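Enquirer: From first to last, the protein sequence lines stand for chains C and B. If you're matching positions, the first sequence starts at 0 in numbering that gives the first Met the number 0 and goes up one per residue. If you're matching positions, the second sequence starts at 0 in numbering that gives the first Met the number 0 and goes up one per residue.
Because the hints were derived from the structure by calculation, they are not lab data. In this text the structure is predicted, and so the values were computed from the model without any measurement. Please note that the accuracy of each hint is not assured.
Okay, derived cross-link-like pairs now, DSS-like style, lysine-lysine, Cα gap no bigger than 25 Å in a straight line [unchecked claim]:
{"no.": "1", "chain 1": "C", "residue 1": "K49", "chain 2": "B", "residue 2": "K117"}
{"no.": "2", "chain 1": "B", "residue 1": "K35", "chain 2": "C", "residue 2": "K69"}
{"no.": "3", "chain 1": "B", "residue 1": "K117", "chain 2": "B", "residue 2": "K156"}
{"no.": "4", "chain 1": "C", "residue 1": "K83", "chain 2": "B", "residue 2": "K156"}
{"no.": "5", "chain 1": "C", "residue 1": "K201", "chain 2": "C", "residue 2": "K322"}
{"no.": "6", "chain 1": "C", "residue 1": "K322", "chain 2": "C", "residue 2": "K275"}
{"no.": "7", "chain 1": "B", "residue 1": "K151", "chain 2": "B", "residue 2": "K35"}
{"no.": "8", "chain 1": "C", "residue 1": "K401", "chain 2": "C", "residue 2": "K370"}
{"no.": "9", "chain 1": "B", "residue 1": "K74", "chain 2": "C", "residue 2": "K69"}
{"no.": "10", "chain 1": "C", "residue 1": "K136", "chain 2": "C", "residue 2": "K275"}
{"no.": "11", "chain 1": "C", "residue 1": "K201", "chain 2": "C", "residue 2": "K401"}
{"no.": "12", "chain 1": "C", "residue 1": "K245", "chain 2": "C", "residue 2": "K136"}
{"no.": "13", "chain 1": "B", "residue 1": "K38", "chain 2": "B", "residue 2": "K74"}
{"no.": "14", "chain 1": "B", "residue 1": "K151", "chain 2": "C", "residue 2": "K49"}
{"no.": "15", "chain 1": "B", "residue 1": "K74", "chain 2": "B", "residue 2": "K156"}
Here are the computed distance ranges between Cβ atoms for each label pair [stated by the list, open to error]:
{"no.": "16", "chain 1": "C", "residue 1": "D291", "chain 2": "B", "residue 2": "G189", "range": "26 to 34 Å"}
{"no.": "17", "chain 1": "B", "residue 1": "K74", "chain 2": "C", "residue 2": "T47", "range": "37 to 45 Å"}
{"no.": "18", "chain 1": "B", "residue 1": "D206", "chain 2": "C", "residue 2": "P52", "range": "56 to 64 Å"}
{"no.": "19", "chain 1": "C", "residue 1": "P52", "chain 2": "B", "residue 2": "V157", "range": "29 to 37 Å"}
{"no.": "20", "chain 1": "B", "residue 1": "T172", "chain 2": "C", "residue 2": "T47", "range": "28 to 36 Å"}
{"no.": "21", "chain 1": "C", "residue 1": "T308", "chain 2": "B", "residue 2": "S321", "range": "42 to 50 Å"}
{"no.": "22", "chain 1": "B", "residue 1": "S243", "chain 2": "C", "residue 2": "A21", "range": "55 to 63 Å"}
Computed far set for chain C versus chain B, every beta-carbon distance over 10 Å [as the list claims (entries may be wrong)]:
{"no.": "23", "residue": "A27"}
{"no.": "24", "residue": "T58"}
{"no.": "25", "residue": "L63"}
{"no.": "26", "residue": "T95"}
{"no.": "27", "residue": "N139"}
{"no.": "28", "residue": "P220"}
{"no.": "29", "residue": "K245"}
{"no.": "30", "residue": "R272"}
{"no.": "31", "residue": "D291"}
{"no.": "32", "residue": "T325"}
{"no.": "33", "residue": "W349"}
{"no.": "34", "residue": "E362"}
{"no.": "35", "residue": "G363"}
Every residue, glycine too, gets a C-beta built ideally from N, C-alpha and C.
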Amino acid sequence: MHRLLPIAAVTLSLATSTALAADIAVEAGEGANERLIEALISAQPGDTVKIGPGRFEFTEGLSLDVDDVKVQGAGAGQTVLSFKGQTGTGEGLLVTSDRVVLEDFAVEDTKGDGVKSKGSDQITFRNLSVVWTGGPKAENGAYGVYPVSSKNVLIDGVFVSGASDAGIYVGQSEDIIVRNSRAEYNVAGIEIENSKRADVTKNTVTHNTGGILVFDLPNLPVQGGQDVRVFDNDVVENDTPNFAPKGNIVGIVPKGMGVMVMANRNVHVFGNRFDKNGTAHVLIAAYPNEYDDDNYMFVPRGVFVHGNTYGEGGFAPDGEVGKIITDVSGTPVPDIVWDGVTRIPEYFSWVNAEDQIYIDEAEGTTFANLKMISQMLLPWSTSPDTDISGYKGSLPEPAPVKLPQDNGA
Amino acid sequence: MIMRRLLAAGLLAAAAMFGGGGSAGAVSAEAILAAKPPKLLSEFGFFADGARQVPAEGVVPYHLATPLFTDFAEKFRFVHVPAGQSATYNPDEAFDFPVGTALIKTFAFPADLRAPDKNVRLIETRVLVRQEAGWQAWAYVWNAEQTEAELKIAGAKVDIAVTGRDGAPLAFTYAVPNKNQCKGCHALNGEVAPLGPKARNLNVSHDYASGAENQLAHWAAAGILSGSPAPADAPSVPVWGDTSAPTDARARAWLDTNCAHCHRREGPASNSGLYLTWGEKDRVALGVGKRPVAAGRGSGDRAFDIDPGNPDNSILLYRVESTEAGVMMPEIGRTQTDPEAVALLHKWVEEMR
Chain C
0 MHRLLPIAAV TLSLATSTAL AADIAVEAGE GANERLIEAL ISAQPGDTVK
50 IGPGRFEFTE GLSLDVDDVK VQGAGAGQTV LSFKGQTGTG EGLLVTSDRV
100 VLEDFAVEDT KGDGVKSKGS DQITFRNLSV VWTGGPKAEN GAYGVYPVSS
150 KNVLIDGVFV SGASDAGIYV GQSEDIIVRN SRAEYNVAGI EIENSKRADV
200 TKNTVTHNTG GILVFDLPNL PVQGGQDVRV FDNDVVENDT PNFAPKGNIV
250 GIVPKGMGVM VMANRNVHVF GNRFDKNGTA HVLIAAYPNE YDDDNYMFVP
300 RGVFVHGNTY GEGGFAPDGE VGKIITDVSG TPVPDIVWDG VTRIPEYFSW
350 VNAEDQIYID EAEGTTFANL KMISQMLLPW STSPDTDISG YKGSLPEPAP
400 VKLPQDNGA
Chain B
0 MIMRRLLAAG LLAAAAMFGG GGSAGAVSAE AILAAKPPKL LSEFGFFADG
50 ARQVPAEGVV PYHLATPLFT DFAEKFRFVH VPAGQSATYN PDEAFDFPVG
100 TALIKTFAFP ADLRAPDKNV RLIETRVLVR QEAGWQAWAY VWNAEQTEAE
150 LKIAGAKVDI AVTGRDGAPL AFTYAVPNKN QCKGCHALNG EVAPLGPKAR
200 NLNVSHDYAS GAENQLAHWA AAGILSGSPA PADAPSVPVW GDTSAPTDAR
250 ARAWLDTNCA HCHRREGPAS NSGLYLTWGE KDRVALGVGK RPVAAGRGSG
300 DRAFDIDPGN PDNSILLYRV ESTEAGVMMP EIGRTQTDPE AVALLHKWVE
350 EMR
């Protein structure tokens, strides 16, 4: 093969994959359960597992471990995989293979996470619906669409509702696009955690507790989340009380949070439309808990917020975080809030230019640096710095994320 | 499709050649190495008497010091290594078995859990076969007559009704795993791998037909294991129910077998940051003072995986006690709680400082 001219090699490989590709049709009805499980197990690279319209009821989670497979329903409103009677396995569908496309079906009422990929390269979630039909409840699964430890992640046109942690959650992954999706009535709409190079764009996040979270957490095998662009999203009316089970970090998010950046590096928030987020439209914060991890950076490094539009906000600050903010800032809470936490050595010297917080917004945008001294969220001053002009500047924007499965190789 | 058939034919031919090398006894090397698994368990030839779980020649029974809990099932384990070959000893991981090896495990329920040897009903036999391309995992479900077991790629559900350890009736639906679920636990760096046959868990005496003998010594003498040190120089875990052993070692042995197949740096739950292997030394990775990451309602409103001295604020206990999908750990392989294991872990966390 390697002696062939490159063009010939490409033609040949295309011909080969065409010859191998097969459609495995799974229609609803008698034994549909077992037929779908078998189809996902026996699929060969290149195959498409086509799930017909109708409702499919499962008592166990599904899984796919074959590379180069597409799993395609007849549409998120047509093909419904229901896990209401699930008695085994945490998630609805788990993918552990590479170059997999999941599209055009719905997953309902999983006991744990909805659709998960672990360790996948080139994983696409397209036009999926992942819903907990009983509305926001602590008993719902944690994540709706959940790629973790994955590379080249495309989430496009999905709808997620009811997740007790994050509707769309990307963890410990790299090269990520989340776009054209809608997340509502989750604790967090979209969360990018301990991940590198993510574009979150043209999504609508509404009626969640918090809209979009960009976090980095300690004691995980992959840390150092960085290079995230959150742009051209509608982040509006996030007004669902936090219903996360206690113990989970997302439990700290107050109702009415727009975008929250915590302990991440090089995060750019721009071109978004914020409106009616009752606690704050944008919060930039340090990790608030004690931790034991020498490799962890608990403060956000290099955040640039610019060119967003801000409607009414900060009118109903919620919970412990809301109280900590308003104790310093007063009500209504400014559009953009930074807790101001700085590492002690830097407090006595300076913060490098690339690690600073920059804000460049239209006239009239309000801001507060709460000047908290440590991650314990203790203010050292009762007078916040509200002079937004003092934070003017910019950071070089990360290059757009390109994915091989998105014509971007 | 034509290409695929050709490929399959090629593999079969290769298998036939291997088979020609010949292994002792009735075990079928062809069946072990075939690209497509046999439909019937008997085609492997592992048993002289399947119903009584009497192994064929070249099939060696073994047991683990601390086994996985699977809804109180009794387990019969066997290993077959091709004649003239041997597994390579490893002090920490499952041994490196040669191509043609089969690991066989039958799950069974006695009518009364208090009398494990009487009225035993075989449910399923799981087979891990070592092929050129790696390990393959298959599950065979026994018929009611107990004369044959049939391949079930998509798994199965079997209703179990027995008398429990407390003397009360115990009924539940036992789950035979599908092929992917096998890999849900049997995965190391994304590849299918054996879990049980590790030095530390085999380093105990076994009652062979010829008498009691340490398993590592027996395997070495039988020529199926090479490079093994004397048992005294090999690592060992306690029998987790042995109350004469230290609580810490018993609990760690239990976690090692029941959790660490996923909860290790190379395992399916690597992203959790919770690592429960026997050799783990990082206290936070072991869960001490570690906050949950993706637990969701699995946290049970508790703040830490392990809160020393406070088992009732420890997520680990909550998830081991639960039988609810999405909460219980392990995620698959059980529908029941093991009260003795819960009691041990409770004591362990309570005594922890």
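Enquirer: Now, for every hint given, state plainly whether the structure supports it.
Expert: Verification of the supplied hints:
Distance restraint check for C/K49 and B/K117: the Cα-Cα separation of roughly 48 Å exceeds the 25 Å cut-off, and the hinted pair is therefore not satisfied. Between B/K35 and C/K69, the direct Cα distance comes to roughly 23 Å. Compliance with the 25 Å bound is thereby established for this hinted pair. A C-alpha spacing of about 23 Å is found between B/K117 and B/K156, which places the hinted pair at or below 25 Å, so the restraint holds. Between C/K83 and B/K156 the CA atoms are separated by roughly 18 Å; this keeps the pair inside 25 Å, and the hint holds.
Simply put, C/K201 and C/K322 have alpha-carbon atoms about 31 Å apart, too far for the 25 Å limit, and the pair is violated. For the suggested pair C/K322 and C/K275, the alpha carbons sit about 18 Å apart, so the restraint of at most 25 Å is met. Pair hint B/K151 plus B/K35 holds up; C-alpha atoms about 13 Å apart against a cutoff of 25 Å. Distance restraint check for C/K401 and C/K370: the Cα-Cα separation of roughly 38 Å exceeds the 25 Å cut-off, and the hinted pair is therefore not satisfied.
Between B/K74 and C/K69 the CA atoms are separated by roughly 38 Å; this puts the pair beyond 25 Å, and the hint is violated. For the given pair, C/K136 sits about 23 Å from C/K275 by alpha-carbon distance, which is consistent with the 25 Å threshold. As the CA atoms of C/K201 and C/K401 are separated by approximately 16 Å, the hinted pair is consistent with the 25 Å bound. In summary, the hint linking C/K245 to C/K136 is supported, as the alpha carbons are separated by about 13 Å, within the 25 Å threshold.
The straight-line distance between the Cα atoms of B/K38 and B/K74 is roughly 22 Å, inside the 25 Å bound, and the hint therefore holds. Distance check on the hinted pair: B/K151 and C/K49 sit about 22 Å apart at the alpha-carbon level, within 25 Å; holds. The suggested pairing of B/K74 with B/K156 holds, with an alpha-carbon distance near 18 Å, which does not exceed 25 Å. The given range of 26 to 34 Å is respected by C/D291 and B/G189, whose C-beta atoms sit roughly 29 Å from each other.
Hint check: B/K74 to C/T47, Cβ distance near 39 Å, so the stated range 37 to 45 Å holds. A hinted range of 56 to 64 Å holds for the C-beta pair B/D206 and C/P52, which are about 58 Å apart. Roughly 32 Å separates the CB atoms of C/P52 and B/V157, a value that falls within the hinted 29 to 37 Å. Checking the proposed 28 to 36 Å range against B/T172 and C/T47 shows it holds: the Cβ atoms sit about 33 Å from each other.
For the pair C/T308 and B/S321, the supplied restraint of 42 to 50 Å holds, since their beta-carbon distance comes to about 46 Å. A beta carbon spacing of about 59 Å between B/S243 and C/A21 agrees with the range 55 to 63 Å that was offered as a hint. The beta carbon of C/A27 is kept farther than 10 Å from every beta carbon of chain B, the shortest such distance being approximately 17 Å. With a closest Cβ-Cβ approach of about 8 Å to chain B, C/T58 is found to fall inside the 10 Å limit, against its non-interface label.
For C/L63, the shortest C-beta to C-beta distance to chain B comes to about 7 Å, within the 10 Å cut-off, and the non-interface label is violated. Some Cβ of chain B comes within 10 Å of the Cβ of C/T95; the nearest lies about 7 Å off, and the non-interface call is violated. Not every Cβ of chain B is farther than 10 Å from the Cβ of C/N139; the closest lies at roughly 7 Å, contradicting the non-interface assignment. Against the 10 Å criterion, C/P220 falls within the reach of chain B, whose nearest CB is about 6 Å from its own CB.
A Cβ of chain B approaches the Cβ of C/K245 within 10 Å, the least distance being about 4 Å, so the stated non-interface status is violated. C/R272, annotated as away from the interface, keeps every beta carbon of chain B farther than 10 Å; the closest lies near 30 Å. Annotated as non-interface, C/D291 brings its C-beta within 10 Å of a C-beta of chain B; the closest such distance is 5 Å. No beta-carbon of chain B is positioned within 10 Å of the beta-carbon of C/T325; the least distance is around 26 Å.
Listed as a non-interface residue, C/W349 keeps its Cβ farther than 10 Å from every Cβ of chain B; the least gap is roughly 32 Å. The beta carbon of C/E362 is kept farther than 10 Å from every beta carbon of chain B, the shortest such distance being approximately 41 Å. For C/G363, the non-interface assignment is confirmed: its Cβ lies about 39 Å from the closest Cβ of chain B, beyond the 10 Å cut-off.
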